[in-house]
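Q: Sequence:
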Amino acid sequence: MEAKAKVSMACETERLHANVKLDLNPSSMQTTTTTKEKSSGRNRRDPRVAAAVNLGEETLKDSVAAASSSSSPRAKKAAETTSKEESLGDSVLRIYEYETKMRAQGLYVFMVHKGVTLTRSSGFIAFKRAFEAEWGAISRLITKVETVMVKYDVEVAYMDGGKVAELARDQLSRHSESDILRCVCNEDQVRSTVQLPGRAFTTGTEDSEDLAAAAIQARFRGGRQRQDYHALRQEHRAARVITDAVRVSALQARLARQLVRKRAEENAAFQALQRKFKDEWKSTSAGKRVIVHVPSLSFGEHLRLPIDRFGILQNMQLSRLCDLAHRDVEVVYVAPMALVHEVRTYYEKLLQLRGIVNAAGRLHIVVPENAHRFPEHASLATTLSYSPKALERIRGLVCGKAAFIMPNQVGEEDRMLALALRVPLFAPEPDIVSLYSTKSGAKEIFAEAEVNVPIGAYDIFEEDELYRMLAKLVAANLDVDRWVLKIDDEFAGRGIAVLDMSKFRFVQMARVDRARQTAKSHLGKAYWSRSDVQERARQKLEEGFRKEVRHRIDLQCPSVYPTWADFIVAFTNVGGVVEALPDSLLSSVSVCLAIDPDGFTRLLCTQDKISSRQWPFRTVGFVFPQTAVPHVALRSAAYAVAKILFARGVIGHVSVDFAALMDPNVQSLRLWALGLDLRMTQALSTFRFFDFLLGGHIEDNSGEYKISVISESGALPSSSLESGGLGSNQESQGTPREGSTRCVQKELQTRAFAAVSPLHHPNLSSMTYSHFFNACRRHGISYDLRCAKGTAFELADSLSAGVVGAVSIERDAAQAAIQLQRSFNFMHKFLGAYVQQPAEDQTFDGTCTFSDALAVSKRLTAEIEEQYRQELADQRNIERAQQRLHAHQKQQRRRMRRNEKESSEHEVSERSETGAEEASKVQ
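Numbering (the working numbering), first residue to last: 1 to 923.
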C-alpha cells in the first residue's frame with residue numbers, strides 16, 4: 001500500500017505541474033479531481049501520503065472555482081487572466097508547500113518513462129537537492145536503472161528515492177537487477193513485465209533478434225561446456241583421488257619407515273643402556289649410587305580410567321624412602337603430587353629415629369610441574385615425561401653418578417623416560433612385561449618351570465572358544481564345583497568372574513549320567529574318558545553354557561564390570577584364562593623376589609594374603625610370615641619360576657602368587673601357582689616398611705624374621721612412634737644411659753606383622769595428623785621402637801583423602817592379628833561407623849574399605865582363638881595320651897617282669913626235674 005501511495009503522489013505532483021503550465025478547463029479539472037479522489041481512496045492507509053494528496057486536491061479545487069466565477073465575455077476574459085495569474089501563484093505556492101511536506105516526510109519519488117528519467121519533475125529535483133552530496137554514486141545507479149528499463153521495455157517505473165540513495169551508498173558490491181527492482185515503487189507491475197519470457201528480446205530494437213540468437217547460442221554452448229566440465233571434473237577428481245592415495249600411501253610408507261627406524265634406534269639405545277647396566281651391576285650395587293624411584297602405575301588407559309584417587313594409589317609406596325638405610329644410597333623420589341608437610345615430617349623423623357646419617361641431604365623429592373595439567377588417571381611416568389623442569393632437575397641429580405630407575409608397573413612411557421634421562425631401568429622391558437605379566441603369559445612361565453598350576457585353559461580370545469573350552473574342561477572334570485574366568489591384563493582381583501556348577505541343572509544331569517553309564521560299563525570310571533562319550537557331553541554342556549552363563553555368572557568387581565556384556569567384551573579384546581577353583585583352599589601365599597641384573601635371585605618375603613568374604617579375590621591385607629606351606633618347598637618353587645623369568649629377560653622385583661590346598665585324593669598338601677606380577681607390589685612395599693622399622697633379617701631355612709633385641713636386668717622406659725614419628729633416637733636404640741650398671745645383652749627374637757594397606761575411611765578426612773596420632777597414643781595405639789612392637793601407620797597424602805596404611809608388629813602372626821584388630825576397634829570407636837555402600841554403587845580405587853578391614857581382623861582373631869583352643873585341646877589330648885601311654889608302658893614293664901620271673905621259675909623247675917630224671921637214670 002505504501003508503494004501505491006508513493007506512485008499516486010508522484011502522479012499528483014506531475015499533474016499539478018501540468019496544471020501550472022497548461023490551460024485549466026473545467027473538464028480537465030474535473031478529470032484531475034476525479035483521478036485524485038481515486039488516488040486518495042487508494043492511499044487512505046498512509047496518513048502522510050493522504051495529507052499530500054489532500055493538499056493537491058485543495059489546490060485544484062481553488063483553481064476550478066476561480067475559472068468558473070465570471071459570466072460576461074470581456075469580464076470573463078479579464079477574469080480568466082486574473083484567475084490564471086492568481087491560480088498560477090497559488091499553484092506554485094501549493095506545489096512548494098507540497099514538496100516541502102514530502103521532503104519533511106522523506107518521500108522522494110521520481111519517474112522513469114521508457115528508460116528515461118524525468119529530470120525536470122519536482123520529485124526528481126527535490127530528490128537531487130536532498131542528496132546532492134552523494135549524487136555521483138546515485139547518478140551512476142540511475143544510469144543502471146535506465147539501462148534495465150530499456151532492456152526490458154518498461155513503460156513507466158516510479159523509483160523510491162530513499163531506497164535508491166541507500167543502495168547507491170553500497171559501492172563495494174555489484175548491484176544486481178533484483179536489487180534495482182526493489183527500489184521501484186510499482187515493483188509488482190515492473191517485475192511482472194521483466195519476468196515475462198523473452199522480454200529482453202521483444203523490445204523492438206534493431207539488435208533484439210541478434211541478442212536473442214546470441215542468448216540461444218550462449219545457452220547451447222553453456223550446456224555443452226557444462227557437460228564437458230562435469231566430465232572433466234569427474235576425471236580430475238578421479239585422478240586427484242588416485243594421486244592423493246598414491247601420495248598418502250607413499251607418505252605413510254615413508255612415515256612407517258621413519259617410525260620403524262626411530263623405534264629401532266630407541267630400542268638399540270635402550271638395549272645398550274640395559275646391557276651397560278647389567279655389566280656394571282656389581283660395581284653399582286657395591287658403591288655409591290642414586291636410585292630414582294618412579295612409582296608409576298603405567299597400566300593401559302582402559303584399566304586406569306575406572307580408578308578413583310589414582311594419584312594416592314601411586315603414592316602408597318612411600319616406603320621406598322627406606323632405601324636411605326644404606327648410607328651409600330641417594331634417593332630421588334618422584335611424587336605424583338606435592339607431599340604435605342606432615343607426611344614429609346613423619347618420614348624424616350622416622351629416618352632420624354632409625355639413626356640414618358645425613359638423610360635430608362640424600363633425599364630429593366621431585367614433583368612434575370605439569371602434573372596438574374593432566375587428567376587424574378594419567379600415569380606418573382607420563383606426567384614426568386612432559387615436565388621439562390623436573391626432568392632437568394633429575395638429570396642434574398644423577399649426572400656423573402651411578403644411577404638407575406626403580407619403577408612400579410612398567411609401560412612404554414617408562415622406557416621413554418629412561419631414554420630421556422639416560423638412566424637404566426631396574427625392571428624388564430615393556431614388551432616383556434606386557435607378555436608375561438598377563439594371566440596367559442604366566443601360565444607359560446609356570447609350565448616351563450614345571451610348577452603345578454590349576455586345571456584350565458589360557459589364550460582364549462573369542463566367546464565361542466570360551467564356551468567350547470569351558471564345556472571341554474567341565475566334561476573332563478565334573479567333580480570340580482567352581483570355575484574362574486580371568487581377564488589377562490587385569491589386576492587387583494578386578495577382571496574375575498566365578499561360575500558355580502551347582503547353579504547349572506545340565507551339569508547336575510551330566511554328573512548323574514556319568515554315574516549311570518560308569519555303573520553299567522565294565523570299564524568303570526574309564527568309560528567316561530572315552531572320546532565319543534566326552535564329545536557328546538561337551539555338546540550338551542556347550543549348548544547349556546551358551547544359554548545360561550550370562551544369567552549365572554558371579555562378577556567379582558561390579559564397579560568395573562557391572563554386566564556380563566561388559567565383562568565378555570573386555571575378555572575377548574585382550575584374552576583370558578579359565579581355571580578350576582579348589583574347594584579345599586588353605587591359604588593364598590605371595591612370594592616377593594628380586595632378580596638382580598646378573599641373575600642372582602633374592603627371596604625378600606613370603607606373606608599370606610587376606611581377603612574378604614564378600615569379595616574373595618580382592619586382597620585386603622597381608623600376614624607375614626606365611627605359615628601354611630613349608631618354607632623350603634615354597635622357596636624352591638619360587639626360585640624355579642625366577643630362573644625361567646631371568647632366562648626370558650626379566651629383572652627387578654617379581655611377585656609370584658601360590659595357592660595352598662589339601663588334595664582330597666592323597667590327603668597331602670599341594671601348591672598351585674596362580675599369578676605373576678613383574679613389579680613392586682603393595683605387599684612388598686609393606687614388608688619394606690616393616691623391615692626398615694626393625695632392621696632384622698629373614699632366616700633362609702625357616703622364613704622367620706629375626707631381630708637382635710637388647711635386654712637388660714632393669715627395664716628401660718620404652719619409646720614409641722606416634723604423632724608423626726616423634727621420639728628419642730637414643731631411647732629407640734635401647735642404649736643405657738651413662739653411669740648405668742645394668743647388664744646389657746642381645747638376643748634374637750622373631751617378629752611378624754599383620755597389615756592392611758591402603759585403608760580408606762571417609763571420616764579420616766575431618767582429622768588432622770596431630771589430633772589423630774595424639775588420640776592413638778592416649779589409647780595405646782603406637783609403635784614401641786625399643787621393644788619393636790606395636791602399630792605403625794603408612795602415610796601417602798594428607799588425611800583429607802581418608803587413606804592410610806596400618807601395620808601391627810608382634811612376636812608372631814597371631815599376636816599381630818590381635819593387635820591389628822585392637823587398632824581397628826579403636827578407629828571404629830574414634831572415627832565412627834563406616835556405612836558400606838551397595839556393590840553396584842561402589843567405585844574401584846585400589847583401597848580397602850574400613851568395614852572390610854574390620855571384618856577381616858575379627859575373622860582372623862576368631863580363627864586364631866579357635867586355633868588356640870584347638871591347640872590347647874590337642875595339648876590336653878597329648879598329655880592324656882602320654883599319661884595313658886605311660887600307664888600302658890608301666891603295665892607292660894610289670895607284665896614283662898612277671899613273665900621273666902615266671903620263666904626263670906619255670907627254668908629252675910625244669911632243671912630240677914631234668915636233674916632228678918638224670919639221677920634216676922644213673923641209679
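Just so you know, these hints were derived from the structure itself, not from any lab. Please note that the accuracy of each hint is not assured.
[Claimed, not checked] Cross-link-like lysine-lysine pairs, in silico, DSBU-like; alpha carbons within 35 Å at most:
hint, residue 1, residue 2
1, Lys540, Lys472
2, Lys472, Lys262
3, Lys278, Lys609
4, Lys472, Lys278
5, Lys609, Lys401
6, Lys643, Lys282
7, Lys262, Lys278
8, Lys401, Lys262
[Unchecked claim] Just the calculated beta-carbon pair ranges, DEER-fashion:
hint, residue 1, residue 2, range
9, His302, Arg550, 18 to 24 Å
10, Glu392, His372, 54 to 60 Å
11, Asp328, Arg263, 33 to 39 Å
12, Thr601, Asn774, 43 to 49 Å
13, Gln508, Gln815, 41 to 47 Å
14, His302, Ala269, 48 to 54 Å
15, Ile455, Tyr639, 50 to 56 Å
Ideal Cβ positions, reconstructed from N, Cα and C, are used throughout, including at glycine.
Q: Against each hint, give a clear statement of whether it holds in the structure.
A: Here's how the hints hold up against the structure:
no.: 1; hint: Lys540 to Lys472; in the structure: holds, 11 Å
no.: 2; hint: Lys472 to Lys262; in the structure: violated, 46 Å
no.: 3; hint: Lys278 to Lys609; in the structure: holds, 33 Å
no.: 4; hint: Lys472 to Lys278; in the structure: violated, 46 Å
no.: 5; hint: Lys609 to Lys401; in the structure: violated, 39 Å
no.: 6; hint: Lys643 to Lys282; in the structure: holds, 19 Å
no.: 7; hint: Lys262 to Lys278; in the structure: holds, 24 Å
no.: 8; hint: Lys401 to Lys262; in the structure: holds, 28 Å
no.: 9; hint: His302 to Arg550: 18 to 24 Å; in the structure: holds, 22 Å
no.: 10; hint: Glu392 to His372: 54 to 60 Å; in the structure: violated, 19 Å
no.: 11; hint: Asp328 to Arg263: 33 to 39 Å; in the structure: holds, 36 Å
no.: 12; hint: Thr601 to Asn774: 43 to 49 Å; in the structure: holds, 45 Å
no.: 13; hint: Gln508 to Gln815: 41 to 47 Å; in the structure: holds, 46 Å
no.: 14; hint: His302 to Ala269: 48 to 54 Å; in the structure: violated, 29 Å
no.: 15; hint: Ile455 to Tyr639: 50 to 56 Å; in the structure: violated, 25 Å
In the structure shown, a violation is registered for the earlier hints numbered 2, 4, 5, 10, 14 and 15, in ascending order.
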